[in-house]
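Residues per chain, in single letters:
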Amino acid sequence: MVAEKQSKFKWGMAIDIDKCTGCQACVLACQSENNIPINTEDNFKDARGIEWIRVERYWEGEFPNVKAKFIPILCMHCDNAPCEPVCPVYASYHTVEGLNVQVYNRCVGTRYCANGCPYLVRFFNYWEPEWPESLQNQLNPDVTVRSRGIMEKCTMCIQRIRRGTRKAKRGNNEVMDGDISPACVQACPTEAMVFGNQKDPNSKINKMKNDKRSYTLLDHLKTNSNVWYLAKVDEDVDSHSKEGGH
Amino acid sequence: MQQRRQLDEKQINRELLNGNLETPKWYYPVMGVLGVGVLIGFATILYMFNRGLGVTGLARPVYWGLFITTFVFWVGISHAGIMISAILRLTQAEWRRPVTRAAELLTVFSLLTALFFPLMHAGRPWRIAYWLIPYDWARGIWPNVRSPLFWDPIAIGTYLTGSTLFLFVALIPDLAILRDRTTGIKKTIYSMLALGWRGNPRQWQLQVVAGILLSALMLPIFVSVHSIVSWDFAVTPAVEGWHSTIFAPYFVIGAVHSGVSAVVTMMCLMRWLWKWNNYIRPEHFDALARLLIIVATAWLAFTFLELIFSLYGRDAPEIALRELQIFTWPWNLIFITFLLTGYVIPVGCWLFKRCRNNIAIMFWTSILVNVGMWLERFLIIVPGLARKQVFVYTWEGYWPSPVEWIILVWSFAWVSFLMLLFARFFPLVPLFEAKESQVFTTEMKVGRATVPMVIRE
Amino acid sequence: MIEVPVTNNTEKFNSATNSLVSTTKEPLGGKLKLIFGIFGVLSVIGIISLILKITTLGFDAKSGWGYYAAVVSLLLGVFGTAPMVAIAPTIAKADWHRPVSRIATMFTLAGISTSILAIPLIFALPPLVVDGIRRRSIWFDANIYTPHVFFGIAVIGLFLVGLGLLWVTSIPDMAIMRDHSSGWKQRLGKSLSRGFVGTEGQWISLRARIGMMGTFYFMFLIFVHIIYSICFSLELVAGWKDAIYPMYHAATGIQSGVATVIIGLFLFRKYWKLEDHIGIDQFWALSKLMFATTIFWFYFFICAFMIFWYGKSAINEMTIAILVNGPYMPVFIGTLLLSFIVPWWIIIWNPVRYSPWMLSVVATIVLIGSLLDRIRLYVISWQVYSDEMIHKRYIPLDEIPENMIAPSIFDIGIFIGFVSLGIFAILLATRFIPVVSIWERHQSILLTRHIKFHRTEVYAVGKPD
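Chains as they are written, first to last, in this note's numbering: chain A, 1 to 246; chain B, 1001 to 1457; chain C, 2001 to 2465.
Simulated from the structure, these hints should not be mistaken for lab results.
Hints should not be assumed to be uniformly reliable.
[Claimed, not checked] Beta-carbon label-pair distances, calculated as ranges:
#	chain 1	residue 1	chain 2	residue 2	range
1	C	Ile2133	A	Asn210	44 to 52 Å
2	A	Trp131	B	Tyr1027	49 to 57 Å
3	B	Leu1217	C	Gly2037	47 to 55 Å
4	C	Phe2036	B	Ile1154	43 to 51 Å
5	B	Trp1399	A	Glu56	53 to 61 Å
6	C	Lys2012	B	Arg1198	55 to 63 Å
7	C	Asp2276	B	Arg1448	48 to 56 Å
8	B	Arg1146	A	Val233	24 to 32 Å
9	B	Ile1154	C	Ile2133	31 to 39 Å
10	B	Thr1450	C	Leu2428	25 to 33 Å
11	A	Gln186	C	Ile2341	42 to 50 Å
[As the list claims (entries may be wrong)] Facing chain C, according to a computed beta carbon distance under 10 Å, are these residues of chain A, among others:
#	residue
12	Asn80
13	Glu130
14	Thr223
[Stated by the list, open to error] Derived lysine-lysine pairs resembling BS3-like cross-links, with alpha carbons at most 30 Å apart:
#	chain 1	residue 1	chain 2	residue 2
15	B	Lys1353	C	Lys2463
16	A	Lys207	A	Lys69
17	C	Lys2312	B	Lys1445
18	A	Lys8	C	Lys2312
19	C	Lys2463	B	Lys1275
None of the values given here were measured: they were computed from a predicted structure.
The C-beta atom is built at its ideal place from N, Cα and C for all residues, glycine as well.
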């Protein structure tokens, strides 16, 4: 607790649903950044695809007055994460910088954390991961390739956070807002996603999370998530459900 | 209704040791068939370890499936032993005597089998084997005491240790009898196990005190084991269908229901296989069936409360879950089967004395109960996960793969194999209990009627 | 096999009959008259308080009914579940219950006060549709007054079934009263014993009736506890979802019922001079029962608490605030001490379980604990209820009241008065129903024997089918 207070960082993300076009660029960026095996059609049919970030699509209304709504869902890095206390080996663990991380070496694959997670953003490696020959050299050397039998999930691109903070430390600089961005944030063409340090009072994320449109998902579970959503602006709908986002 | 016959001690020894001092004709063929089943099962498990959990039917969001169901099922069965020997011992129910040994044995072996399942359902079982159970000091990290999966091995380990002790304490006098009737290497082994039992008053007193103490100590463990197993599910707020306060007592009473039924099944088999008609009598079935009616009805009331309160909140995931569980194919068929086999058919039969005293009917109804109880756990675990929250995204169901079915069948073959192996070397009906019961029951004349009597110390 | 000697029991039979019949016949002494008078006056005070409460408070101020609901719940446990002590061992064929069962069954008469108290509460309960929106309820889409009707039927039905149980179990004693007394008692005995002369057929049908009535009473009791606990507390708190709660309510009710029977047994044994009939065995057996139910209190409580505490969602936090660490935390601590820790710690010692007066002290502690338990559960449920809040998904933590409300003078009057009314009803009944059932006493004379066996003496019990 003390270490968390002393830490300079508390990472968080804000996603403006109003700007999201559902283009899936974030999904693709995440796949290539984090060495996620190729999700084939069979994987999806088995419901065993691994997507650290996914874009959920909701249709509203009847044709022709139909609207599509998109919401990207990734690990919420909850402060009060239901996945953490249930892990018997401390594989699911909270860093002092407010990230919920998965320690692959400790994981024994009980999948209890996945049952505890209400957002379904934890994935199990059913098979040994494989890449086609042409993609062997594409793997990111900063990211562990996960073997079969363990859980994995969004890390907020911890390798990029580490690189960013290390660089700042070497140059005796402060980490500036916008210096560090995970792959999904970097790839977002409409800049709907924002990543930043919540302890920096001037950061963009602090402004966004205090916006009157902001809400968190499933907040009745009191997970205290660190990913905020900014509700879609919709003339037809006066009030937006604050609870499920759909 | 006096079914008891006066037997002398020689006859008791001869009849109850008939499976130990000589081999019955059916023994080797049956063990052969079971052995093949066990081998196939172990081969399948090794295949699964080799290929990974991809060979099961598990998929998002159903991360726990048949293995955990079967784990809960076998832990449930293990409640037979303590229910029969400890609770009935403390309440001085005379009819418990012939079945205590078999029930405790069932406890030990079903717990051993249950322990396989959480191990093999894990992604990297070899890591559990050296990180979780013997604590790995070298890593310098304690296991997470907040995790129900950490409470599980502790509860089950304590239960297993306790029941093994309980079984052994009750076995000592019979081991001494076997020691006196065998020769050669067998005699040596039995002598070592019998711990120098001579049957003098002091030894008997110690044995009785140990039995009573162990039964009193086992009772809290008995309740806590299945409560903790139920908390594996109930503490997760993310799964709406699991997060229910009733789970602990509901699981415990369900476990007693399935465990006592399993004892009934076993009693029928013992009567048929070893012809112990003088010891396992219809009156015992009658008493057990009456106990089961009460247990089953209480269990049904808990089921009903659980259902009512899941719908009470009127939350969308809960309603979706119950729709899946009760009305959607194939779960609706499973649900109906579960209700019919878990309660309606067996209890409907047990209400009639004629059925309670009919061994064949008791055999089949008790098997039905355990079919129902397995389905109950399946119905709680799988649909609960399939519709756990609003962000389920993939509304795929789950159906076990052939590998999982083979391992399920293996677990039954494995328990039967162990039981029969034990029965070859040790008596399944406690000889001293049978003799004690001869002394402790009598009858008296009241007017024209003859009333059975029980002696109390 | 031990041979059982045949003995002649006629003398024992007659002396038991005479001594037990005489307890109903002896004229009231001065002290007893005073006690009768005090309870009578207190009952009248209770009824007056009830009328005053209804007229001054009205049915709309829900928070004023919390203590009242708690009293009804306590009486449902104390008086309602006491007969279970007679029913359960009968079904389990235990031999110790015989001298206890009549005293336990007589508490059904005290159900009169529960039944009277329940009626105003039905009017105070809000309907299922509040402000045009249906509130959460286990009755789902039923008629909006369904819980009211069902609870009314259930609580009065429980009283009537209880009376039936008392009557059925005392038919042979009524026949004895018919044969051993004169005047109104003889006439009453004649009409109540329905021509019972003790033929084999009559005994068989009697046993069947007792079994049926007992089972029926048990089912009615569980039904009443389930309905009462859900409709009169749980449903009034938005978001409280607790499936074990009805069973917790029933189990703690049985705990207080056992405590009541112990105290009743102790007092009757002492002041009615029944030492010959009620032995230490009875207290020994009842103490084990109380030990078991005391542990049940803890088990059921921890089952619920564990889920809420570990779950940590907003609803879970609210439920813990309502039940444990909210405004009623002192009451909760009192409950934990008096319902579980103190009685459990005392009762595990064997000497306590052999001593009637020590057991009665423990039973009194348990009863105080039950009262606190009911206050903790019911007062806050009625306190947080409001027509606006009930439709919310849950009550936000900051809207849970910070302070306890104190009972009004009428609440105290009602509590004391209606407990006295129940006791008064029992005291009146002792004038014509013997407090130890004569026929069951005869049965235990017939079916128990002390037999010499080698060098020791053993105790043998007959177990007829």
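Next on the checklist: Would the hint on Asn80(A) be counted as holding, given a Cβ-Cβ threshold of 10 Å to chain C?
Outcome noted: Hint holds; Asn80(A) Cβ to chain C Cβ min 6 Å, cut 10 Å.
Next on the checklist: I want to verify a distance hint. Is the separation of the beta carbons of Arg1146(B) and Val233(A) within 24 to 32 Å?
Outcome noted: violated, 42 Å
Next on the checklist: Min Cβ distance, Thr223(A) to chain C: is it shorter than 10 Å?
Outcome noted: Holds. Min distance 8 Å.
Checklist entry - For the pair Lys2012(C) and Arg1198(B), does the Cβ-Cβ distance stay inside 55 to 63 Å? => result violated, 44 Å
Next on the checklist: Looking only at beta-carbon atoms, does the pair Phe2036(C), Ile1154(B) fall within the given range of 43 to 51 Å?
Outcome noted: violated, 58 Å
Checklist entry - Could one say that the CB atoms of Thr1450(B) and Leu2428(C) fall in the range 25 to 33 Å? => result At 43 Å between Cβs, range violated.
Checklist entry - CB of Gln186(A) to CB of Ile2341(C), is that within 42 to 50 Å? => result Violated, since Gln186(A) and Ile2341(C) (Cβ atoms, about 59 Å apart) do not stay within the stated range.
Checklist entry - When you take the CB atoms of Ile2133(C) and Asn210(A), is the distance between them in 44 to 52 Å? => result At roughly 33 Å between Cβ atoms, Asn210(A) and Ile2133(C) fall outside 44 to 52 Å, so the hint is violated.
Checklist entry - Can the restraint linking Lys8(A) and Lys2312(C) be considered satisfied, given a maximum Cα separation of 30 Å? => result Holds, at about 27 Å.
Checklist entry - Measuring from the C-beta of Glu130(A) to each C-beta in chain C, is the shortest one below 10 Å? => result Violated. Min distance 39 Å.
Item to check | Distance restraint hint 53 to 61 Å, applied to the beta-carbon atoms of Trp1399(B) and Glu56(A) | outcome: Distance hint for Trp1399(B), Glu56(A) is violated at roughly 25 Å.
Item to check | Cβ separation of Leu1217(B) and Gly2037(C), checked against the hinted range 47 to 55 Å | outcome: The hint (47 to 55 Å, Cβ to Cβ) holds, given that Leu1217(B) and Gly2037(C) are roughly 52 Å apart.
In summary, the numbered hints that this structure violates are 1, 4, 5, 6, 7, 8, 9, 10, 11, 13, 17.
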